[in-house]
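Residues per chain are reported as follows:
There are 2 protein chains.
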Amino acid sequence: MKRPTIADIAGRAGVSRSAVSFALNDQPGVSEETRQRVLAVASELGWRPHSAARALRGGRAGAIGLALQRPARLLGAEPFTMELISGLESELSARSCGLNLQVVEDTEAEIATYRRWWAEHRVDGVIVLNLLDDDPRVGVLEDLHLPAVVIGGPAGTGSLPSIWSQDAAGMTDVVEYLAALGHRRLAHVAGDPNMRHIVDRTTALHEVCRLRGLPEPVTVRADFSDEDSAQATRRLLAAPDRPTAIIYHTDLTAVTGLEVALEMGLSVPDELSLVAFNDSRLCRLVNPKLTALAHDIPGRGAQAARMLFAAIDAGPGAESQPAEPYRLLPRGSTGVYRTR
Amino acid sequence: MKRPTIADIAGRAGVSRSAVSFALNDQPGVSEETRQRVLAVASELGWRPHSAARALRGGRAGAIGLALQRPARLLGAEPFTMELISGLESELSARSCGLNLQVVEDTEAEIATYRRWWAEHRVDGVIVLNLLDDDPRVGVLEDLHLPAVVIGGPAGTGSLPSIWSQDAAGMTDVVEYLAALGHRRLAHVAGDPNMRHIVDRTTALHEVCRLRGLPEPVTVRADFSDEDSAQATRRLLAAPDRPTAIIYHTDLTAVTGLEVALEMGLSVPDELSLVAFNDSRLCRLVNPKLTALAHDIPGRGAQAARMLFAAIDAGPGAESQPAEPYRLLPRGSTGVYRTR
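Note that the protein sequences, when read in sequence, are chains C and P.
Start counting at 1 in the first sequence, then tack on 181, and there's your number in the numbering used here.
Start counting at 1 in the second sequence, then tack on 181, and there's your number in the numbering used here.
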């Protein structure tokens, strides 16, 4: 690391280190001539003090932070994160604002990252994903006064503004559609049950089934990976009373589910219907194409960035906003179920 | 922005701001008792000076930088960038190192970003993508002494270590394979001809065609987007002497090319063969599956991160390394061409 240091500048300018420090910090203790020489050498060496650089941007770090609690290897496989980042960047790049990404192990590491980013002036605000029940991140961010926008909610985000996706409404749409197609045995391959949106979806699923007089649906947990979803799907389809329709928590897990169904000789959609939360190119490339609950993920990223800039500029008190609702896009993977 | 400031600490501790500054910077001018009180209040308020925080990490920023010269909206569509980031993160997360992402308009903006990151101690090094002919970034990074690893090369990277993909060899494999299948009229939907790897591929394509006695191949330029690739493919296929095989510079552009070929009523591979540089799930989900030149993109990201850490730790002089060669994976989109 050969970044120009105070010592480099001192050496080149032929003055002491403290003279350099005085000159660069515009403090008394050096002659005007020395100050000018030091500034010229510093500029020549490409040196810029932190404080001067920050002052140029009005004390801003010029970056926002996104901590990702996802195994690194999954980032490349699942479209959601990159589509969200793409939407964030569409707003950030217009402001020449950077994005600090940090993959973290768990919520504790995520909180430590927020503390460090804020204490070291590395970010002006953060985007928080996957709101939990009783989310410990909320209180920490409030205490730090670190501007933040939560994607999730609206309940449980304290004073932090949020963009709340309408997960219960999305699930309700799907279940009513499947019920209308004649499906009675539904299954749900769901993500982490500590996540607020998974709870909302699961509650809605069970509620609608109860209201419609359908049997109790099965919810099984699978993470974001292929392997986990494949295993969950195999178990569901090997059970004596296998479901006739499965709802997946992501597009990637649904694509894997389709592969497993075909591998097990089931005809989609004649014997089994499949639906994905999140739409992406993956859903449209498979055969049959996957029915999906679509929402504009880059649009949500851009909305989050705009809300975060507002929170950074105007301080706390920003309003939470609903995201646009999910749109159910029926494609080839769902069909009428006829009892045989 | 209510981050604790020197003034906040001064107010709470009941001392002057300069007393706080002396105490936090461990300079003379305050009593030991005051120093202790200031440090206690500062810690209580969650304040940490830049320099102290940096010192804890041995002067390191604890982050590396990646500037992306891609329109933000494309980041979500194309697997390459996210797979590369996924590979970088697999090494970064093990070291709790952050990744600073910045979407930039052009090379000039990218260079300005490097200067700013380095001057402000925001990154310890950078990964450079898409090496250009006479790349101006190389000289700037050398002058800054900013540790950097170039993905591309090995020629034209100056003293910077690089991971060079074997693009000429990959193209040679494909062309020889297509020639062996009976193809004579080849086309190449290529990216930016200022990029070194595009030049290498194009040169190899023309050279192998010449050696094999095939007609001069057609190279057309298309960016990374769907629209551009679709238009390029439509033009190629509408020409009187249309090619019997097309080689695309990315998986996404090849998937789009396949859609256009099917839309125009051509049978793949009977009337037209298609090959993609880069393999991903996209290639395996389409029908027919796309023949691809595969390389381990997350693996390359991880390799780049390891080389960058070595350059940061040990200083300049790190060796360039070849990436693993491309592997040609023939799938359903390529077949024997029979003259009709």
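Hints are computed from structural coordinates only; laboratory data are not their basis.
Certain hints may be false.
Pairs involving identical chains hold if they fit within one copy or between any two copies, as the list cannot separate such chains.
Using 20 Å as the maximum straight-line C-alpha spacing, the simulated EDC-like pairs for lysine to aspartate or glutamate come out as follows [what the hints assert, rightly or not]:
| hint | residue 1 | residue 2 |
| --- | --- | --- |
| 1 | Lys470 | Asp451 |
| 2 | Lys470 | Glu440 |
| 3 | Lys470 | Glu323 |
| 4 | Lys470 | Asp314 |
| 5 | Lys470 | Glu452 |
| 6 | Lys470 | Glu444 |
Structure-based check of each hint:
1. Lys470 to Asp451: within (14 Å within a copy, 24 Å between copies)
2. Lys470 to Glu440: The answer is both: 12 Å in one copy and 14 Å across copies each meet 20 Å.
3. Lys470 to Glu323: Answer is neither: 44 Å inside a copy and 50 Å across each miss the 20 Å cutoff.
4. Lys470 to Asp314: Intra 34 Å, inter 42 Å, cutoff 20 Å: neither.
5. Lys470 to Glu452: within (16 Å within a copy, 25 Å between copies)
6. Lys470 to Glu444: both (16 Å within a copy, 17 Å between copies)
Hint check: violations occur at hints 3, 4; the rest are consistent with the structure.
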